[in-house]
Every structure is written in C-alpha cells, then in structure tokens.
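Q: Protein chains in written order, with the working numbering: chain F, 1 to 350; chain G, 351 to 814; chain Y, 815 to 1104.
The reader is advised that the hints may include incorrect statements.
[Said to hold, decoys possible] Partial chain F-side listing against chain G, Cβ under 7 angstroms, derived:
hint, residue
1, Ile97
2, Phe157
3, Asp164
4, Gly166
5, Pro168
6, Tyr241
7, Ser245
8, Val246
9, Pro249
10, Ile287
11, Ser297
[Stated by the list, open to error] Pulled from the structure, derived: some chain Y residues nowhere near chain F, Cβ distances all over 12 angstroms:
hint, residue
12, Phe873
13, Leu875
14, Asn876
15, Val883
16, Arg901
17, Lys908
18, Gly931
19, Val966
20, Leu973
21, Lys979
22, Ala993
23, Leu1036
24, Ser1052
25, Leu1062
Simulated from the structure, these hints should not be mistaken for lab results. We treat Cβ as the ideally placed atom computed from N, Cα and C, and that holds for glycine.
Spelled out, the chains give:
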Amino acid sequence: MNQTLINSLGSIKRKIVNFSRSQKFYLILAAMAIVVILPPFLSNYVVSEVLTPMLIFAIYASSWNLLASSGQGSLGHAAFLGIGGFVSALIAIKLGIPPIIALFLGSLLSSAIGFLIGLTCVRLKAWFLAMVTFGFSVIIVTIFSELDDFTGAIMGFPTPLIVDRGLPFYYMSFAFAAISILAMYLVMKSKIGLAFKAIHQNELEAKMVGINTGKYRLIAFVISTFFAGLAGGLFAQSIRYIHVSVFDPYYSFLPLMMCVIGGLGTIEGPIIGSAIIVTIDSYLPRIDDALHGLVGSIFPAVSNVGPPLRTLGLGLFLLVIVIFAPKGVTPLIKKTYNYLRNSLKEEKSK
Amino acid sequence: MQKSLIVIVVVAIVVVAGVVAAWQLTQVPSAEARKIKIGLVAGYQLAEGQDMDRAAKLAVKEINDAGGVYVSEWHTSVEIELVTINTENDSPDKSLGPVTQAVEEEQVDLLIGGYTSSGTLANQKVAIDNKVPYIITGASSSLVTRRGPQANYGNLPEGSELRVDDAEGMSYMFHYCTTTADYSATVVKFFAEEMKPLLDSTYEFDDARNLRLAILYRDDAFGKGVVADSKAIIEAENLPIDVVIERNYPTTATNFQTDLTAVKAANPDAVYVVDFIANTAEIIKEGQADVGLNTVYIAVECCEDPAFYTLLGEYGSEQLLESKFAPYAGPPYYLESIATYVTNYQAAYNTLPGMMGADTYDAFYIAADAIERAGTVDKAAVRDAIESCAMDQKLIITETGKIEFSTGTDYHEIAPVTFIEQLVWNTDVNECRSVIVYPATASGVGTLKQENFVLPTAYEPGSP
Amino acid sequence: MITPELIQALLWGVAYGCIYILLATGLNIIFGVMKLVNFAHGQLLMIGAYIAFTVATVFGLNAYLAILVAMGAVALIGIGVERFTFRKVLGTDKLNEIFVSLGLIYVFENAAVLLWGHTARQIPSPLQGLQLSIGEGLEINDRLLAIVIVIVILVSLFLLLKKTKIGLAMRATSQKSTASMLMGVNIEKVYVFTFALGAALAGASGALYGIIFNFSPTIGALPTIKAFAIIIIGGLGSIPGAIIGGLLYGIAENTAVYFLGGVWRDAIAFALLIIVLVIRPTGIFGEKGE
C-alpha cells in the first residue's frame, strides 16, 4: 500500500472526526434539515422550478469554480452541460438503459471529452484558454446539430426522468448536490487543491517547486467536466426537454456569474451565487410589467422594457462586484451576520 | 470556515423564507366573478415577440373597451387580464419555466402564443398535463397538435419521445397558424402553375424542362421542415420542379456570399430562402449586389414585417414573399378587418403591423368568443367551445371564410389560405410595397389577385 | 478544384476580412500596450454601428461621414470604460478582466436594446440607387469603399504609431511598462489613449459593418471571437500579424464554407484556431511569450 495514500487517508479521517465535534457541523446539519424539511410545505412550482434548479446550478457552478481554482477560466462550460444532458438522455432512450445509469455514463463521457479538451488547454494562458474552450463549445454544438438524425438535437425531445417531477426529483437533486459539492470540497481541501491554488497564483513558481502543472491542470479539467456533465444530465431532466439551445453561450457565462457574485474560489460562493441568480431569474420577471409601466415611455423602441432593464442591472451588478467586492457577496453577508450577532449579544448583556 | 458555514445556514433560511413569502404573495384567491386570465407566450428578445405583445395588448384593449366578455355563469361581463409570459428567445430551456409558472402559480385560464416549434413542443407539455386550452399562434411544425393519438401521432415513429399518449390533454391544443406543409404547398404550386409557364413562353423552353429550384435554409427545425415538406409535395403531386441544390447554414451566420456562390453555380430558375427577417433580407441583397445571382427570390411569411421591407430597400423590388396576411398590399385590402387593424395598430404604435401579431390578435377574439359561448371559464367547456368555433375569419383568411378547427387527421388545425406577393418599389415611401399575384381567388374573400406576376427586370433564367 | 466560384468565394473572404482586421487591430493595440483583453470589444462595434445609424437617419448625415462620428463617440465610451472598469482590475487576477468584459457585454447589449429595440437595422448607404462606374466592369460599391477606408485608417494608424510622440510612448509602454515609466512616460495617459484608440477602431468597423450588413444588439459576440482568432493566428501585439491573420482567416473560413457547407463555418474556424494554438501557443507570428 502506498504510504502517502495511507497518510492522506489518516489526515482526512482526523479532519472528519474534528469536524464532527465542531459547532459548524451542527450548523450544517441544521441547514440541511431546513432544506430537507421545508419543501413539502411549498408549492410544486417553487420546488420544481426554483429550488431544484438552484441545486443543479450549484453543482454546475461549483464545477466551474473548481476549474477556475486552478487558474483556468472556461468560457465553454456549456459544452459539458450539453454533452451530459444529451448523452444521458440519448443513452437512456436508444439503449433502454435505466436513466440513473445513463446519467453516470453521460457524466463519464463528458469527463472523457473534458480530458481531451484539457490536453490542448493545459499549456494555454488565461485568455487563450477562454477562447479555446469557447471554440470547443461551438465545435461540439455543430457536431450535435450535424448528427441530428441520431441526436435529434435540432427539434429536441422530452427527456426520460429518473424519478417523478416535484418532491422526488428535488430530493434526488439534493442528494446529488450534497455528494458532488462535498466531493469537490474534499478535492479542493486536499493536496490536489493546494496544487491548483499554487498554479493559479503563479504557474512559474509552482513549476519551480516541482509541481507538475500540466498534470494538475488536466486533473482539474477531468473532475470539473465530470460534475458539469452530471449537472447537465440533471438539468435536462429538470426542464423535461432537451434541445440544442442547452449549448447556448448563456449557459457558459452562467456559472461564471454565479461564482463571481457568490465568491470565487470558495466552496459556498457557487451555492450562494446559484441561489441568487436562480431567484432573480424566477421572481424578477413578475415585476417586468410594473417596470414597464414605470419607465416604459422613456424607451419607445421596446414593447416591454422589463427584461432588458433587468439584464442590464445584472451586468452592472457583476461589474460592481468584480470592482468593489472581488470576493463576492459572501463576505458582505458574513459582515451583516456578525454585526447582527454582536448587537444581539450586546442586547443580552444589557 | 466556521463563520462561512453559519453564513450558509443564514442564507438558506433567508432564501427559503423569501421564496415562501413570494409564493404566498402570488396566490390568487378564487372568487366568483373575476377577470379572465389569458397568458401570452412570447419571446420578448425577438422582434416577432414584440409584435405579438403589441397585437395582444391591442386585442385585449378592444375587447375590454367593448364591455369585456359576458360569462353567463357569473351573470356579468368581465375584463380580460393579459398575463405576459416572457420566453426570451423562445427556446425550450427558456420557455418551460415561465409557462409552468403561469399555469401552476398564476393559474391562467387559457394560453395563447408560442413561436418556435421546439419551444412550443416543450412548453405545451405543461398545458397538456394541466389541461389548459392553448391556442398556438406560432410554431410551423404540425406536430404541436398532431403528436397525440387523434392524429395518429403525426406519423412519428413508434417509440419516439415526441409522441404524446394523453388524448384528453392533446384535445386542449389548437393550432391557429400555418404549418410548413401549408406554405410549402403554395410556394411549389406557384412555381409549377405560374412561373414555369411564364418561363417556358418567355425563353421558349421545352415543356419537358422542369423548373430549377434552389433552396437555401437555416439549419434548424423550421428550415428542415420546409425543405422536407416542399420536396414531399413536389413528389406527391408530381410537379414539374427539380430541386437542383439545397444548402443550409448555421443560425448564427451573418453573411452568405459563399453559400450564394454555390447556389449560383447550380444555375437555378428561382431561390427559396427559408429564414427569418434579417437573414432573408441579407441573402436577397447579397445575392443581387455581390454574387450577381439575378433570379427570383421567394421569402417565407414570417418575413411579413416592417423590418423586412426597410432592410431590403431597393433590393426587394420585384422579389416574392409568401404570406397569409398582407398589411403591405393595400389599402384597399381584400378584407375590411385588415384596414381597421392596420389603422388601429399604426395609431397605437406608429408602425405597420407584422404577421406574427395578426395570428395572436385573432386568437384573443377566438378565446373571448369561446368563453362567451361556454358561459364559464371551466377549461373543458372552453375547449369544447373552441372546438366548435364558427366565427367569421378576422385577419387570417381561411378556405371557408370561417374559423373552424378540424377534428380529422389535421387535428385542431385551421385551413388557412396562403398567397404569394410580389414586392414593388414605391417612390412615395421610398420602400417596397406588395401586390398579391397568386392565387387568383380564395373562396372566403373572392378575388385575391391584384396584379400578374412578372419576371424581375434583371432576371436571368437557369441553365436550359 | 479551383473554379471561378472558389476564387470568388476567396475574394469575399478578403473583403470581409477587412472589417475584422480593423476590429482585430483595435483589440491588438489594447493588448499590446495594456496586456489586457477586452472580450466586450465586439459590443463596441455594435454600439458604433448604432451611433452611425442614428446620425445617418436622424440627422441625415452621409453614412461615410457618420463613420467619423461613430469613431469619436465610441472613443469617448472607451475612455469611460477604461477609467471606470478595466483600470480598477488591471494588474489583479487575469480572470477579472474576463469577468469585467462579461459585465460590459450585458450592459452594452441591453442598453442597445432599450435605446434602439430588437429590430434589425441597416445604415442607408449614400450609394443606394447610384450607379458609379470607374472603368470597364468596375463599379464603386460599399464593399470596395470599405476596403479603401480600412486601408486609409490602417495607414494613418501606422503613421500615428511611428511618427508621433504618443505613438512612441505607446510603443515604449508595450515593450516595458516599468522602464517607460522611469523614462517619464505617463502610463495612465498612455493607457487611456490606447483604449480610446482601440475603441475608435471598433467604432469605425461598426459603422462599416452597419453599412454593409444589417445588425441588431446581439451581433457583437461573433466579431469579437473572429477578431480574437485573427490576432491569435497573427500573433498578439503585432499589427502586420493582425492584417495577415485577418486575410488568412477570411480565406480559410470561406474555403471551408465553400467545400464543406455553411454549417461548418464557425466550427472550422475554431478548429483552425485551436490547431494553431496547440502548435504555437503564442500564435504564428507571435514572437514573445508573456
């Protein structure tokens, strides 16, 4: 048996034991309890179209976050979301394999293609890598459209579900999200994660201290694209229909926005970012008509100013975050929380 | 780290509480007499979606101003409340969520709209499952009403995921629009009946020479549908047309010289351009200005829009447009209702209407009529009332002059009349206007044709 | 294999390469001097097209004069963008530049929707309806004029970089920013000027684009990608490289479209780009790594 492996297993075990005694362990348990207990009291729409996508995009954004933690900012992650979605649905339909197994096969294939794309990317600098990943997503969407006779991508088709829409699908997504994010957390806390960080901070220095940067960057690609594929498989089921539009650059930019807004490089950032963006997407459309009534007369060129005005706001929000709060909104929430806690304590001590 | 986990908990609680609050705020108390909620499924990122929105607002205002809809069950007239359902670019992933929200949360009484075929095939499932009447005014694929048992699953192969087994659910779907088969038929018949004889007599071609047709299409469900249907009709009716080249390009393409060069090399007599407004205008322009392909171009009806005429400029002159609603071929118009609509639309929005909005406008009247006849907003009763609709045609002309939804294998479709317009340069407005050149008559309106079709001045026929 | 049609297709590649060369040159100057990639560069092109459209239709200005207005206006926008966004993240994590660009893309596209709507537009060409012939079979049209204008702009740019003080400062900065700072070059001023210059080129290419093609608020993305591909093929920071890259790219794309069909247009272009990068991570003509 490999000595380093035993050591690292031992350290993980120690960490878990320490962790289970800590206060935050109970806090996580409490949070999980809320997320598990509350949904049956909510409407079907909120569970299926708001909470479930939050979980799925939390996986997706976390996978992007993991890749970015090694300094590699992908602008083509939608390729893997789409591969995971299409392949898992197609395998399930054409080969009659249970959707749950198809989901894993889809993720594995996404990861395999991620490996191949990663091979071409490991030598590239930030901008080139962004461009090449974007380019690959264009190539992959072209292939899927051209193989339409087999993929059915152009008209699209309904996806087979593992479990029923609503609560069952929510709980399944929750299980997948919890396991996936925990797995990515462990990777980022491990030696591999440290190597990612070293590469991100200064690739040259990382190389000099003996880190095989190419290997680690490739590992980041493989792990990240696996979870992106998994998220894609779940996403295809949650929207119940898959179509070539899942490769849209919108879905490549989405995890980036979630990570930046939530807090890049942290484990909770993508989760919070996903919660914020999905909530905005689900609830703000309801104020569109009000917005139009308010300022619609200023912009006669559009019949409803709501949607562009909201997206413009999102762009500004992103700029403000990057420029003024590069760590995302999480520290702001922490500060607010601490402030509240301290003032509560003061109240008590009085 | 500890703090961050506390933060997770706090955020989770805040988010969940917010969601619950938002959900409770949107719950509608169901009172006896209330407004009728009609959801408009439209992609607001698209020019066509904006046209649909404007037409819908116009129709709702007209109906409400005239006293609303009388619901006998409530012994009173009530207003229509327009619920906008923004599907952004109308792709499946963007349209399912908003439609679900409108059906499950807003509890709309009826849905109207839909634009892309794939988006509609995806979002109509919500209406099918919840049994909400849905008057689909876009979607060129006939599958939107034919994928159920009533129409033998639209000839989808066994095991196809697109099949819907829920016959009851499918009975709530209505298609108030033309399908690719409808307009492909008009286009190829025009070429066979009108253009081929004209070519033969002008250039003394042998009668055995088939008309050489090129098809240039966008690589999506719409483009593929038109190509497949056109070829099927040519074959089924044994029309004297050869499709000499079919060429597709990605939906993201912005210039087409190279594609047009390949088309020119095939020596066609006419080019069928299957795309939306901006690209079609670009193709017709580049074909003449850059590639020197001086032929007859024919555009699909979704280009019947002010933007198309503006973009084409002088390059539109003497080219063709297949359509089912002709705000540019008048006044006077073949139907009086069109004159009224065009005037009101112009007064409200300071622009001419497009075609997508015309279907939507009619659909609101169909819905109002059905609810009034049903005397209730009960969804099954409304569905039956739409099925037995016998209104006079409004903006879209039909073969019988009445709006009637079929119950045969062309399940819940109307029988629209489509026609061919030729664009004519108009020096007064410095833009093209159109005249109807085919067919001669339509049973619902009598004479339709305004002028004879002429070959464009610079026209060059394909190889003999 | 070589047919007249193919040759014609290649000529289209050259003609349309021109607009992208202009855009790519702007992107490249900014990169060369500031070591910054503005992924929202195509959105500046789009804004340029709309500004030219507005001056040409509302004020009835000649479309070719509107190019100058578009250049000036977009340069001003560029100054604002540099001052309030990119300057704040310059020198931090490279990913931040990508994030800022994305934010700018959302802002510009939606601002354009609000101001001009979703409808596709075209700048009315003053040549519409005129038949100007210069000799046998040669006709003055917008495409030909566009090529001439691009050449004029590139020559003036070359003179600006070689013959003026600010050009010298830019070249000095692009080679070593700290050294040039020591030599008394005001780096901030150079950066602002560079970004404005790059934006002005984007504005000019936008106006030309709008005269030749129709456009809508979402057209910016593809030109950015193509411009980026061009400077990667041509080598980052090299202006002659961008010109050769633009021509190569245009020809490659149109050859692929001609033989394989239009659906492969973008995929082939990217495949080419990726192959170039795998073989030479700094581009064909790129000398220095970063």
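Q: Taking the earlier hints as the rules, which of them does this structure contradict?
A: 1, 3, 4, 5, 9, 10, 11, 16, 17, 18 and 23
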